[in-house]
Amino acid sequence: MMKTNPGRFFEDYRLGETIAHAVPRTISGGERALYHALYPARHALQSSDEFARSCGLNAAPIDDLAAFHVVFGKTVPDVSLNAVANLGYAEGRWLKSVWPGDTLTATSEVIGLKQNSNGKTGVVWVRTTGHNQHGEAVMSYVRWVMVRKANPEAPAPETTVPKLAPVIAPGDLVIPRGLDFTGYDFTLAGEPHRWGDYAVGETIDHVDGVTVEEAEHMLATRLWQNTAKVHFDATLREDGRRLIYGGHVISMARALSFNGLANAQMIVGLNGGAHANPCFAGTTIKAWSEVLDKAETAAPGVGAIRLRLVATSGGAPFALKGEDGKYLPEVLLDLDIWALMPI
Amino acid sequence: MMKTNPGRFFEDYRLGETIAHAVPRTISGGERALYHALYPARHALQSSDEFARSCGLNAAPIDDLAAFHVVFGKTVPDVSLNAVANLGYAEGRWLKSVWPGDTLTATSEVIGLKQNSNGKTGVVWVRTTGHNQHGEAVMSYVRWVMVRKANPEAPAPETTVPKLAPVIAPGDLVIPRGLDFTGYDFTLAGEPHRWGDYAVGETIDHVDGVTVEEAEHMLATRLWQNTAKVHFDATLREDGRRLIYGGHVISMARALSFNGLANAQMIVGLNGGAHANPCFAGTTIKAWSEVLDKAETAAPGVGAIRLRLVATSGGAPFALKGEDGKYLPEVLLDLDIWALMPI
Amino acid sequence: MMKTNPGRFFEDYRLGETIAHAVPRTISGGERALYHALYPARHALQSSDEFARSCGLNAAPIDDLAAFHVVFGKTVPDVSLNAVANLGYAEGRWLKSVWPGDTLTATSEVIGLKQNSNGKTGVVWVRTTGHNQHGEAVMSYVRWVMVRKANPEAPAPETTVPKLAPVIAPGDLVIPRGLDFTGYDFTLAGEPHRWGDYAVGETIDHVDGVTVEEAEHMLATRLWQNTAKVHFDATLREDGRRLIYGGHVISMARALSFNGLANAQMIVGLNGGAHANPCFAGTTIKAWSEVLDKAETAAPGVGAIRLRLVATSGGAPFALKGEDGKYLPEVLLDLDIWALMPI
Numbered sequence: 001m002m003k004t005n006p007g008r009f010f011e012d013y014r015l016g017e018t019i020a021h022a023v024p025r026t027i028s029g030g031e032r033a034l035y036h037a038l039y040p041a042r043h044a045l046q047s048s049d050e051f052a053r054s055c056g057l058n059a060a061p062i063d064d065l066a067a068f069h070v071v072f073g074k075t076v077p078d079v080s081l082n083a084v085a086n087l088g089y090a091e092g093r094w095l096k097s098v099w100p101g102d103t104l105t106a107t108s109e110v111i112g113l114k115q116n117s118n119g120k121t122g123v124v125w126v127r128t129t130g131h132n133q134h135g136e137a138v139m140s141y142v143r144w145v146m147v148r149k150a151n152p153e154a155p156a157p158e159t160t161v162p163k164l165a166p167v168i169a170p171g172d173l174v175i176p177r178g179l180d181f182t183g184y185d186f187t188l189a190g191e192p193h194r195w196g197d198y199a200v201g202e203t204i205d206h207v208d209g210v211t212v213e214e215a216e217h218m219l220a221t222r223l224w225q226n227t228a229k230v231h232f233d234a235t236l237r238e239d240g241r242r243l244i245y246g247g248h249v250i251s252m253a254r255a256l257s258f259n260g261l262a263n264a265q266m267i268v269g270l271n272g273g274a275h276a277n278p279c280f281a282g283t284t285i286k287a288w289s290e291v292l293d294k295a296e297t298a299a300p301g302v303g304a305i306r307l308r309l310v311a312t313s314g315g316a317p318f319a320l321k322g323e324d325g326k327y328l329p330e331v332l333l334d335l336d337i338w339a340l341m342p343i
Numbered sequence: 001m002m003k004t005n006p007g008r009f010f011e012d013y014r015l016g017e018t019i020a021h022a023v024p025r026t027i028s029g030g031e032r033a034l035y036h037a038l039y040p041a042r043h044a045l046q047s048s049d050e051f052a053r054s055c056g057l058n059a060a061p062i063d064d065l066a067a068f069h070v071v072f073g074k075t076v077p078d079v080s081l082n083a084v085a086n087l088g089y090a091e092g093r094w095l096k097s098v099w100p101g102d103t104l105t106a107t108s109e110v111i112g113l114k115q116n117s118n119g120k121t122g123v124v125w126v127r128t129t130g131h132n133q134h135g136e137a138v139m140s141y142v143r144w145v146m147v148r149k150a151n152p153e154a155p156a157p158e159t160t161v162p163k164l165a166p167v168i169a170p171g172d173l174v175i176p177r178g179l180d181f182t183g184y185d186f187t188l189a190g191e192p193h194r195w196g197d198y199a200v201g202e203t204i205d206h207v208d209g210v211t212v213e214e215a216e217h218m219l220a221t222r223l224w225q226n227t228a229k230v231h232f233d234a235t236l237r238e239d240g241r242r243l244i245y246g247g248h249v250i251s252m253a254r255a256l257s258f259n260g261l262a263n264a265q266m267i268v269g270l271n272g273g274a275h276a277n278p279c280f281a282g283t284t285i286k287a288w289s290e291v292l293d294k295a296e297t298a299a300p301g302v303g304a305i306r307l308r309l310v311a312t313s314g315g316a317p318f319a320l321k322g323e324d325g326k327y328l329p330e331v332l333l334d335l336d337i338w339a340l341m342p343i
Numbered sequence: 001m002m003k004t005n006p007g008r009f010f011e012d013y014r015l016g017e018t019i020a021h022a023v024p025r026t027i028s029g030g031e032r033a034l035y036h037a038l039y040p041a042r043h044a045l046q047s048s049d050e051f052a053r054s055c056g057l058n059a060a061p062i063d064d065l066a067a068f069h070v071v072f073g074k075t076v077p078d079v080s081l082n083a084v085a086n087l088g089y090a091e092g093r094w095l096k097s098v099w100p101g102d103t104l105t106a107t108s109e110v111i112g113l114k115q116n117s118n119g120k121t122g123v124v125w126v127r128t129t130g131h132n133q134h135g136e137a138v139m140s141y142v143r144w145v146m147v148r149k150a151n152p153e154a155p156a157p158e159t160t161v162p163k164l165a166p167v168i169a170p171g172d173l174v175i176p177r178g179l180d181f182t183g184y185d186f187t188l189a190g191e192p193h194r195w196g197d198y199a200v201g202e203t204i205d206h207v208d209g210v211t212v213e214e215a216e217h218m219l220a221t222r223l224w225q226n227t228a229k230v231h232f233d234a235t236l237r238e239d240g241r242r243l244i245y246g247g248h249v250i251s252m253a254r255a256l257s258f259n260g261l262a263n264a265q266m267i268v269g270l271n272g273g274a275h276a277n278p279c280f281a282g283t284t285i286k287a288w289s290e291v292l293d294k295a296e297t298a299a300p301g302v303g304a305i306r307l308r309l310v311a312t313s314g315g316a317p318f319a320l321k322g323e324d325g326k327y328l329p330e331v332l333l334d335l336d337i338w339a340l341m342p343i
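Chains as they are written, first to last, in the working numbering: chain D, 1 to 343; chain X, 1 to 343; chain A, 1 to 343.
It is worth saying that the hints were derived from the structure and are not from the lab.
Just to be clear, a hint being listed does not mean it is correct.
[Stated by the list, open to error] To give an idea of the interface, some chain X residues facing chain A are shown, with a C-beta separation under 10 Å as derived from the structure: (1) LEU38; (2) SER48; (3) ASP49; (4) GLU50; (5) GLY56; (6) LEU57; (7) ASN58; (8) ASN151; (9) ALA255; (10) LYS286.
[As the list claims (entries may be wrong)] To give an idea of the chain X side of the interface with chain D (calculated C-beta under 8 Å), a few residues: (11) ASN5; (12) GLY7; (13) GLY201; (14) THR211.
What you are looking at is a predicted structure, and each value in this text was computed from that prediction instead of being measured.
Don't be surprised by glycine CBs; every beta carbon is placed ideally from N, CA and C.
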């Protein structure tokens, strides 16, 4: 019996099956410090225990995206080792904050299957849920990927395309228990702009840029125990380049968005996202945002803001797609999220 | 209203105003581990809880310079985002050790203003103080920077140049409460040389060198939440290089100085410092020291030593300035500090 | 008196002397997080407190090799600063797990001396023991290095070559107290292969590869406070390259071996090892293993497996030596270890 993991191929997935992903992971202050070293993350709620307490939490949670990466990383050996493309995200919700000391595990349910017409690949939809050591769900999201078939002759499964919400309804967002922005300190948070200061349709150029290095994206991707070979092994691609984990670009864009969205303290919803173009070391990542929607929440002083967060490798801000409807070559990421702000 | 932070310009400062800097930061063992990964730091007091206890402390504090960097980093968005040059430091004192679990904030008082004769820039002096979550000051220092004016027509403020001590009087140094070197273990500390073994005027070549990488200085600078663009964005300078944060050079030189000054366990005073020349990735940093002064302290077994700590990019040790009185091109840093040693 | 450490030369060692190494080090979750960022480490026992508890431990210990590196790093200033070559390891045993909060120290006993016939160098054998803050030995191993003489005229010591076990007898392996694999969760661990599924003589190609960067190996080597100049200073070698610490290759190979040996959870014995060829940044490290032996243990559900772990810079897996009996140029490491697996 072969001892190494060949990954799953398209014909290996069954609709409705649940995959328990391997390697539980205990988070500590070390992961937080590394997150702050890898990204220019400055949101006060994840940076300071004291600030988090002033907002009704027990201590500063781990960055929302760090929790996402840990959960995502666990799914890679089972979901995307033989993936040709990461096609999309939907219905992502952060359900409970992650704190140093928590141990995370992940499971994925196969909720959709569709063989491509070429017969060589297919699309797999999974709903992945991360749990903490108490069995509580900490986050959940749908991802779909295009996966190779090992055997092109394998019969096609019945096509099932899940019906996914194009956007999470504000009422379905989970606000961390106890969160209260009524005593929010805008000075310590770094910017005066409150929820009411943002208008739907407004765009923000986050101005700053970071030129990324091989060592950095590999440190990050390994930290999340993501095993996709193409991020680490320069001998795999003909051009000798290592593809940067898309999540690295997400975290970089989110951290850059502090400058203009310092008060968008927590990400609670992931409505969708596209890794529009691949990213490689040497790229200078920049970011811009567009306010897509706003909603009230039941938590005191807390508003929700829906943002398009775009990462680019240059070009003018606010340009997204060409006349052909395709992403411009300099667009790396087009993410659609819900975040929480003081009203 | 523009949402991003443009930074302050010279005309935005008012003498006597106090600026509360944003983004409080909780320190953990993660920051300590990263400090030890980024610099060849080996001073036993910051490396070992047990060693620190044998010296009368409760546990190993975070490296003195790490505390400095965290405080310094907070000031960047308000003080040096539009700085043309970092001109100097004075009257820096470490007032209380920082421990894992502490949350740091920073404020700066504007203590001096002087418009330059060209009318386009001015010098701003600030006294920055870092506080922990108990409201206790952990360190304080004066820094002055040359800052651009946004509007050259803005009227010049009344010139106020603060009178700064050229060197901190030994009696003004704050010795950590409980510090006691009478049972000091020189073997565990790594060198036999005590305070009495160093003579004023003595010079020490620290021998070792470190060739610095882009990924490293960016990891460090982000860890301190320093937002100065020029350290991260390779597209800003015409030569496509990223300027290394001067504090990275300070920490590298200090760590290299272990070899010859292993028993200079804590930095308690920053008398002055100049970033003599810019540093870029690929440079091999070396360091040398000169004993400038010595003083006794009231703490048992503890002596103070005043050191000139010089970082270079090569060249012969102990050469500092040319016949023209200017720093030699290979000198990166000329720092003047007080440290504590076992007598 | 010269203040810097020149390192010891061959004539400075005395048979039977014990060297107490400097700079005790307290480990935290930060070191664990960095270990996971630097290497694709995924063994569940070191990744998850919950998984470790399910195996009878109190929490996830620090990776066995991280403990080794910390102990090894302490010995460098006294043992290998003037080493010409690192010749071998033997009789290495992990005696007690290391946990966040532990403080490690190290001592080495000189157990062998042999001057080389050229009169310019000699071989020094040391038995190094690492201790925690309770004075308990956490690991012990023999290492021998070739060291320069400072004075070629210094008389040769009496030759003493220690008799070393070619392999640690299974009964001498120390199983962590409480370790119990009877309730082992193979799904969470990542692979179904148990001790009984491996046959002596079996070889495993670990498939994955990592292209190493300068920043990474320096971060790792500094984290272990290893002071060997050649890892950090690009000006030392004529070719301008920095030699990668051999332990970095060991940890990389071990982490890569997860893919095929995910259940070889703990390393408890180091029978021997050779750094067959030097490694430099830009190399893509791959790994393969060979099962050399198997043994039962007294612990419930726990078997021991003896593995040859080979790191390469390419080439076909399972090729080790040429017809001349010498290591092939692509072989970086040939390590002989005992690990523990669920039976």
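Here is how each hint holds up against the structure:
1. LEU38: This interface hint holds because 7 Å falls under the 10 Å limit.
2. SER48: Holds, about 4 Å.
3. ASP49: Because about 4 Å separates ASP49 of chain X from the closest Cβ in chain A, which is inside the 10 Å limit, the hint holds.
4. GLU50: Cβ of GLU50 of chain X sits 4 Å from chain A, so the hint holds.
5. GLY56: Nearest chain A Cβ about 16 Å off; hint violated.
6. LEU57: violated, 12 Å
7. ASN58: Check failed: Cβ of ASN58 of chain X comes no nearer than 13 Å to chain A, outside 10 Å.
8. ASN151: violated, 42 Å
9. ALA255: Holds - the Cβ of ALA255 of chain X comes within 10 Å of chain A, reaching about 9 Å at its closest.
10. LYS286: holds, 8 Å
11. ASN5: holds, 6 Å
12. GLY7: violated, 10 Å
13. GLY201: violated, 40 Å
14. THR211: Cβ of THR211 of chain X sits 14 Å from chain D, so the hint is violated.
The structure shown violates the earlier hints numbered 5, 6, 7, 8, 12, 13, 14.
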